[in-house]
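*Asks:* Quick one: dock chain against chain with the hints and give me the complex.
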Amino acid sequence: MIDWIKQLPGNVIDFIGPEIIIATAKVVLVFGVLLVTTLLVIWFERRVIADMQARVGPNRWGPFGLFQTLADGIKLFFKEDFRPAAADRWTFVIAPVMAMVPAFLAFAVVPLGDHVVIAGHRVDLVMSDLNIGILYFLAVGSLGVYGVVLAGWASGSKYPLIGSIRSTAQMISYEIALGLSLVPIALVAGSLSTVDIVAAQAGTYDNIVLFGRDLNFLEGIIPHWFIVQQWPAFLIFLVAGIAETNRAPFDLPEAETELVAGYHTEYSGIRFAMFFLGEYVHVVAISAMAATLFFGGWHGWNPAFPAAIDWLRWIVPIFWFTIKTVAFVYLFVWLRATLPRLRYDRLMWVGWKRLIPGALVWIVVTAVLNSDPEEVPTSARLWVMAVVFAILLAWVWRGDPRLTALEPWRKKEVTRGTA
Amino acid sequence: MEAAWQEGLFFVFATVITVSAIGVVTARNVIHAALFLVATLIGAACIYILMFAEFVAWAQVLVYVGAIVVLMLFGLMLTRAPIGKYGEYDNDQKGLAAIVAAAVFGVTAWVLIDSFEGVELPTDRVAATTSKDVGEAIFSSYVLPFELVSVLLLAALVGAVVIARRDERVTSRTIDAARREKAREEDV
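Residue numbers (the numbering used here), protein chains in the order written: chain D, 1 to 419; chain P, 420 to 607.
The set of hints was computed from the structure by calculation and includes no laboratory data. Don't take each hint at face value.
Claimed, not checked - Residues on chain D that point at chain P, a partial pick, calculated with CB under 8 Å:
1) 91
2) 139
3) 268
4) 272
Where a beta carbon is used, it is the ideal one built from N, C-alpha and C, also for glycine.
If we strip away everything but chain P, and leave its shape as in the complex, we get (with noise of 0.2 Å):
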């Protein structure tokens, strides 16, 4: 019985993602396409309930969608997103994406094949992951690349910042030269 809810479920929620990841690529306007990949990301979430990995889930919902897209959406309504009319995003490089997209999903899905395949997910609610088992995980035998992880992204950080505010950095040569400039002007 519940063996048969999670299929019948895994299969609605596996279209909703396919549909929705194929309309991130063919929306023809960039912020229907990330409510598109809001729709993605949730739908994986769902699935994640489903195999009673609430932590999992939630920790998706919480960092991908409310956080990722969020900054996406703000970052492009900053810049360039388009009110009323609809631009035009196709440009040249489209072969080689489609290309690297083919090969990410081929090692990812060999991966996935060759580590869990045979494997009976769990059915019960018994076996669910706790908060306190995943914590443990990741602090012991996980530990080395969640740090790494978090060193990565650290450098990222700075990394944006340096490249954000290279253009402003005062040294003392862009302020004499901002005096010269001032005292030329005060001369004419």
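This is chain D alone, in the form it adopts within the complex (with noise of 0.2 Å):
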């Protein structure tokens, strides 16, 4: 009996077995940490627009006021549950939950460190290394959009319907742009699993050559992160990312001056929470994605450890991979306090007529860059590009709405307004 009971653990480890155990663990470790780092953020947020603005930021709770949004959070458990007499009962307790959730999902394929040895299993440092990860993280991201849908259209009110027939235009439309961004990653890195990208995004540059000189110089400097040559997809993915998750400057869903507060008008307590904490997830999401695919994920500086402590070595990735993420959120935060919101036009006519076109454009000169010379000649590459000018050219000559206002062609559609 007592020799069963000494085997127990044991035996319940054969029983699940590691993996699921393993899986579990990583499932719960992270939504933990996930949960905490938004507090973290929102009080972050909090703090620096408070610098910025010249203003303190909440400093009362806890060491610099960290545990200002835990206060908040529970407070805002406690408050009475409100539902509006004319929502839809179901749908209006759907929705929060619905914006919540996809926003956690997109963490399942980020890669956040390289990989432990715990008790001679092999634990790598990403939920799930799935093979099609970046279309994981559109799908999940797709997913976003009930949220706002359905809670605008559940409060059984306008200014929550307006917000979200806004909002779900607004997040259709950059999402086409959010996609195409990913394409030439994909194509560079010959994989759309995240682990693989990092992977290939190990090293650093060698054989830099630049006008024909070759810069010896800058040899094992730079590291072999995405970014130094895939700057304009990173350009696409960064502001379609901001739209995504509807903050400044794309917050009009909840443009206060207009709509009082767009989707969520109708939501108080608990529910409101949700929303706001889907929406800090999310951010974090977008930052993680952005460090993972463009700048290197967990590769980073990796010291020399002495061998005492040699076994702590998978902290520095996820050293290395926090910081960046950090960053990221930090320019959320700075767009935020700086940028104006845009006008509705305005934000259909950039993600309509300059992101998208700017990725296509951009797939097709990364696909040529990086075809084998062998079995495609150069002459034909260079006819390639010579077109992809052209459509660049007349793109950008096509120009601004406001300047367009003035050629010959439209001057008829103004005639017959005014007629």
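*Replies:* In structure tokens form, the structure reads like this:
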């Protein structure tokens, strides 16, 4: 009997299987860490914006006001669960959940570090290495729209509905640009898996030749991150990513001067907190993805460890990954404190007439530059580049809607409008 | 062990799909019907994952759940989403729709049984199809159907734009008419 109890842990592990235990532990751990991170990010945003506006920010609860968000969360938990009379009962309940869950799910494919060995089992520090990691990220991201759409409709009131229609149009427009901006990355890395993409960014650039000159002194200094060769894709990813999170300068869905609070006007208490939580997890998710896909993921300077603490080596990649993610979160906060909100037609114009064509052109350029010179002759490459540049010029010349209003063919419409 | 798990989960997802598919046609509210459709599509994606077809599963979520149903919801909200009270959506073409649905079901079931009867589905992670396999299949054996579908979708897209913009087309005749009307107003 006593032997049986002593062997119980081993028996349980054998019965359930180490894979399932490891997977469960990863899910629980990442979920917990994300919740705490979100609390810290909300505090971080309030402190940073306060600092930028020469205020103090929350500083009462805990050291540096760290527990402020926790206090707010507890307060929201105990508020009355209010539902408007005209609301659609079940949809109203489901909507906040639909806003929050996809944001958490996106983390399943983010590689947080290299790997650790626990009791002889190699544990990769990524929840799941799907061979279609990027596709998964986009698919899960596209589910986030439901929270906004359903919240707006289910509230049974006009401001949420207008906010949600705006938001849906914005999110489905920018989703296309977001997806297209990741295609060049898949082309360069030769894989859709986030783990492979991070592995492809190891090391540094060697043999740097710029305009026929050999830049030897840069050898081994510039890390082999995709941002170096894929910066246009990164810019598109960043703009589309900010639009996907519905944050400033793309926060039209909740423009308070026009829509009270947009799609979550009728929400209060814990349901409102879920929207809030979803937004911040989404910010962290986009930041983590930007770090993973363009800034080398967990790669970074790896110092030599003394033999005694060599087993702590796994902390270094996690450290670099965290630093990069926090830098992007800071950028999100900075943008919110700096930029004014876009006008709605300008928002659509940027999405459809700049980001999407730009991403398509960049996909062609990347494909041409990375094709095998043996298979594709140089003349063919030059032709493709020439066509791409012609498209690019025509596109820039078409220009701004403020300028095109002066073009002759536009005048007819103006005449018709006033007639 | 693996196969038993797969079979058990298959019945769970199949039940979810069937119940929500019935919900799609019996829901009294269009938005609820669309949400049942989402449940149906996600259930189908889960079955794809059970068969280790991860690419198809997530492409299904991205395209159908994330784009098509969202567009349907968007269209409904722009036009006739009932806020508060529920409308009546029955019409006299019910019987005809039922016949068409039965016919589609019959043909699909017959095709599936005819081509996959007796085929053992993979129960093993090793047999999983990767995105590479899917890509090679699409751009070698199935390149013609793939391109045909692309052209068809493009035609549908252009057609939609033409229909949507028909009234707003600016021709010299409409401009002249507008000018004449303005001149008449000024005369009066």
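*Asks:* All the hints need checking, so say for each whether the structure fits it.
*Replies:* Hints, one by one, checked against the model:
| no. | hint | result |
| --- | --- | --- |
| 1 | 91 | holds, 7 Å |
| 2 | 139 | holds, 4 Å |
| 3 | 268 | violated, 19 Å |
| 4 | 272 | violated, 20 Å |
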